[in-house]
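Use these hints to put chain B onto chain A, whose structure you have.
Those protein sequences? They're chains A and B, same order as listed.
At position 211 of the first sequence (counting the first as 1) the number is 211 in my numbering, and the numbers step up by one without a gap.
Heads up: take any position in the second sequence, counting from 1, add 437, and you land on my numbering.
Rather than coming from a laboratory, the hints here were simulated on the basis of the structure.
Owing to the predicted nature of the structure, the values given are computational and were not obtained by experimental measurement.
Possibly wrong hints are sitting among the right ones.
Chain A side only, calculated, beta carbon under 7 angstroms to chain B, not exhaustive [to be verified]:
1. L196
2. H197
3. G198
4. T199
5. D203
6. P222
7. S226
8. D380
9. E383
Calculated cross-link-like contacts (lysine-lysine; reagent style DSBU-like; alpha-carbon spacing at most 30 angstroms) [as the list claims (entries may be wrong)]:
10. A/K287 x B/K582
11. A/K192 x A/K69
12. B/K493 x A/K295
13. B/K574 x B/K466
14. B/K466 x A/K192
15. A/K430 x A/K342
16. A/K60 x B/K493
17. B/K493 x A/K69
18. A/K192 x A/K342
19. A/K430 x A/K20
20. B/K493 x A/K287
21. B/K524 x A/K342
22. A/K61 x B/K582
Positions of the beta carbon are idealized from the N, C-alpha and C atoms, including for glycine.
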Amino acid sequence: MPGVETSNPQKARSFVVDDKERGIFLLDREALVSEQVLRDEVTNIFAKCWIYVGHGSELKKNGDFQTRKVAGRPVIFVRDAKGEVRCFFNTCRHRGAMVCTERQGNLRRFNCVYHGWIYNNDGKLARVPGDEAYMDSFDTSGLGLKSPARFEQYRDFWFICLDPDVQSLSDYLGKAVTDYIDLVIDQSPSGKMEVLHGTQEYDVQANWKLMVENSVDDYHLPTTHSTWLNFMANSGVVVEPPKDKDLVLPTRGFAFDLGNGHFTTDNVNFRGRPVAAWIPLYGENAKPEMAAIRKELVTRLGEDRARRVADTNRNLVIFPNLVINDGSSVTIRTFYPEGPGKMHVTAWALGPVEESEDARARRLDAFLTFYGPGGFATPDDVEALELVQQGLANWSDDRWSEMSRGMGRAGEQLNSDEHHLRTFWRHWNKLMSGAQS
Amino acid sequence: MNAHANVQVTRAEVEDFFYREAALLDEWKLNEWQELLTDDATYYVPPNDDLEGSYKNTLYIISDDRERIRQRVIRVLDPNCHAEYPKSRTCRLITNVRILSVEGDLVTATANFVVYRYRRFQREFSYVGTYRFILRKTGDSFLIKERRVFLHAHELGRLGSVSFIL
Chain A
1 MPGVETSNPQ
11 KARSFVVDDK
21 ERGIFLLDRE
31 ALVSEQVLRD
41 EVTNIFAKCW
51 IYVGHGSELK
61 KNGDFQTRKV
71 AGRPVIFVRD
81 AKGEVRCFFN
91 TCRHRGAMVC
101 TERQGNLRRF
111 NCVYHGWIYN
121 NDGKLARVPG
131 DEAYMDSFDT
141 SGLGLKSPAR
151 FEQYRDFWFI
161 CLDPDVQSLS
171 DYLGKAVTDY
181 IDLVIDQSPS
191 GKMEVLHGTQ
201 EYDVQANWKL
211 MVENSVDDYH
221 LPTTHSTWLN
231 FMANSGVVVE
241 PPKDKDLVLP
251 TRGFAFDLGN
261 GHFTTDNVNF
271 RGRPVAAWIP
281 LYGENAKPEM
291 AAIRKELVTR
301 LGEDRARRVA
311 DTNRNLVIFP
321 NLVINDGSSV
331 TIRTFYPEGP
341 GKMHVTAWAL
351 GPVEESEDAR
361 ARRLDAFLTF
371 YGPGGFATPD
381 DVEALELVQQ
391 GLANWSDDRW
401 SEMSRGMGRA
411 GEQLNSDEHH
421 LRTFWRHWNK
431 LMSGAQS
Chain B
438 MNAHANVQVT
448 RAEVEDFFYR
458 EAALLDEWKL
468 NEWQELLTDD
478 ATYYVPPNDD
488 LEGSYKNTLY
498 IISDDRERIR
508 QRVIRVLDPN
518 CHAEYPKSRT
528 CRLITNVRIL
538 SVEGDLVTAT
548 ANFVVYRYRR
558 FQREFSYVGT
568 YRFILRKTGD
578 SFLIKERRVF
588 LHAHELGRLG
598 SVSFIL
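The shape of chain A in the complex, shown without the other chains (with noise of 0.2 angstroms):
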């Protein structure tokens, strides 16, 4: 793309305009359309922030693996013959080819097919066929899977991160990130959420800044899934319209401002939970279940604290690419750039581990009538993601995104405002800036 390339990396620069006093917020076009940007971005976000890789009951058994790309490297997710969860880089220590080239499975070993390197399960070299023919001083101690510079979890999430010297993933995320994973696990009795089978992967022709905004962004729900709010009222959910002047949704959400860069909404629910929100959709047959979730959470936490997990749902961004949408059904996605104008989308269901098979098929049946490439809303996010991109295709001329929604809002900003995609800009700004403090 010619004439886009105008940025200086050796430069500080702002993707913003930020005035708080004539309440404008406004972001530069280029942030979404460069190819120099999206250098920086490998550089000074992919590179030095914590990045989600996975979730332990995907790794059940001793030996499971899960093989995938984070933040663009292919890595091996593994539970090693100890039961160790671990991150390798899939590249063979010799020549660099990938050394695992199934998608998930149990092994014990990884066998490179180029010269027959083999690594154990927990990454060391265990054979080098022909090894006679290196010098004494050949040391293969030094010479096993390579780890990313640092790999973590919270609550059996785990993340990387390439810079050896970042905080640690729990002052990353900080407490007020973690008290919403909190939440989102209190849905289960035992404190245990696993992925369920079946990953969708899906491309959207769009910068991966958009799918930020978009997965947090409630201003959009009315016009963009009109039809999704449509099925939701054929199947005997009232909608009402909203209550008040300053509202596009049936019921009150707000924005908060979780700290370096994270954010999530926290709305009052009014599409139903699988975690015993019933509506008409889960049919009569399931309200005894229901109740009986129900009855479990007040038991375990408390009326107050069980109405929060039950009847309010929230989209939680974790900088930069995390999202955990505790909506219509629980979700795990995560993007990365193949591009400024393309992104890899990987999406999975979380459920509590002691589920019901009846409990199960809601979740999943509910997950589906809103989210993924059939869903009845994700494919028109896409759609609006992939016309933005379309449409930016005039940046140079029509340089500035209008931000601004909620700028004078005093108190707590409403998910319907722009406050927590600014939340965000404002992060990436400053990352990109150069001010990596």
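Coordinates of chain B only, in the frame set by chain A:
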């Protein structure tokens, strides 16, 4: 006819039925298409990484009962279904038609397909897969009882959304 006897069915009949369905889908005649479905028809697109998993414990791309199919058609025919407005143009090529089994009046048949899907701005998507239908023989034609669509790509990837009837 004895209710337990297996119906007589030829590959040519099944093939004709596949072609007829494909034409209705390509022409976006989705209400007429629904007349090809039984009252308990289902429509499944399992995830690319777990084709044989059950929709009850596996995250599918699409898992519709009859009512959900009805709602899906209402949705995709609505001009506010942005993913399909303007409508994709699709062209289905169907081949390798086989009858796998006949039990009573139920016929399990498979076919390979390529669905070419075109969106504005020269965007072109090729969905390659296998249909596995359970058909109910009714007189000289069929109704679809189960419509299962297997996509052969390792992941949906650049095919993006399945916002039309695959």
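For each hint, the structure was consulted:
Annotation: interface hint on A/L196 holds; nearest CB of chain B at approximately 5 angstroms, less than 7 angstroms. Interface hint at A/H197: satisfied, since its Cβ lies 4 angstroms from the closest Cβ of chain B, which is below the 7 angstroms cut-off. Evaluation of the A/G198 hint against chain B yields a held restraint, the C-beta minimum of about 3 angstroms falling below 7 angstroms. With its C-beta approaching chain B no nearer than about 5 angstroms, A/T199 sits inside the 7 angstroms limit, and its interface hint holds.
At a threshold of 7 angstroms, the smallest CB-CB gap from A/D203 to chain B is about 5 angstroms, leaving the interface hint in force. At a threshold of 7 angstroms, the smallest CB-CB gap from A/P222 to chain B is about 11 angstroms, leaving the interface hint violated. For the restraint placing A/S226 at the interface with chain B, the shortest Cβ-Cβ distance is roughly 5 angstroms, inside the 7 angstroms limit, so the hint holds. The criterion of a C-beta within 7 angstroms of any C-beta in chain B is met by A/D380, whose closest approach is roughly 4 angstroms, and the hint holds.
Against a cut-off of 7 angstroms between C-beta atoms, the interface hint on A/E383 holds, since the closest Cβ of chain B lies about 4 angstroms away. Distance restraint check for A/K287 and B/K582: the Cα-Cα separation of roughly 28 angstroms lies within the 30 angstroms cut-off, and the hinted pair is therefore satisfied. Taking the CA atoms of A/K192 and A/K69, the gap is near 25 angstroms; set against the 30 angstroms cutoff, the hint holds. Taking the CA atoms of B/K493 and A/K295, the gap is near 24 angstroms; set against the 30 angstroms cutoff, the hint holds.
Proximity of B/K574 to B/K466 is assessed by CA-CA distance (about 22 angstroms); at most 30 angstroms being required, the pair is judged to hold. Distance check on the hinted pair: B/K466 and A/K192 sit about 46 angstroms apart at the alpha-carbon level, beyond 30 angstroms; violated. Straight-line distance between C-alpha atoms of A/K430 and A/K342 comes to about 23 angstroms, which keeps the hinted pair within the 30 angstroms bound. The hinted pair formed by A/K60 and B/K493 meets the criterion: a straight-line CA distance of about 20 angstroms does not exceed 30 angstroms.
Annotation: proposed proximity of B/K493 to A/K69 holds, straight-line Cα distance about 28 angstroms (limit 30 angstroms). About 34 angstroms separates the Cα atoms of A/K192 and A/K342, which puts this hinted pair outside 30 angstroms; it is violated. A hinted pair counts as satisfied when its Cα atoms are at most 30 angstroms apart, and A/K430 with A/K20 qualifies at roughly 17 angstroms. For the suggested pair B/K493 and A/K287, the alpha carbons sit about 18 angstroms apart, so the restraint of at most 30 angstroms is met.
Simply put, B/K524 and A/K342 have alpha-carbon atoms about 22 angstroms apart, close enough for the 30 angstroms limit, and the pair holds. As the CA atoms of A/K61 and B/K582 are separated by approximately 38 angstroms, the hinted pair breaks the 30 angstroms bound.
In summary, the numbered hints that this structure violates are 6, 14, 18 and 22.
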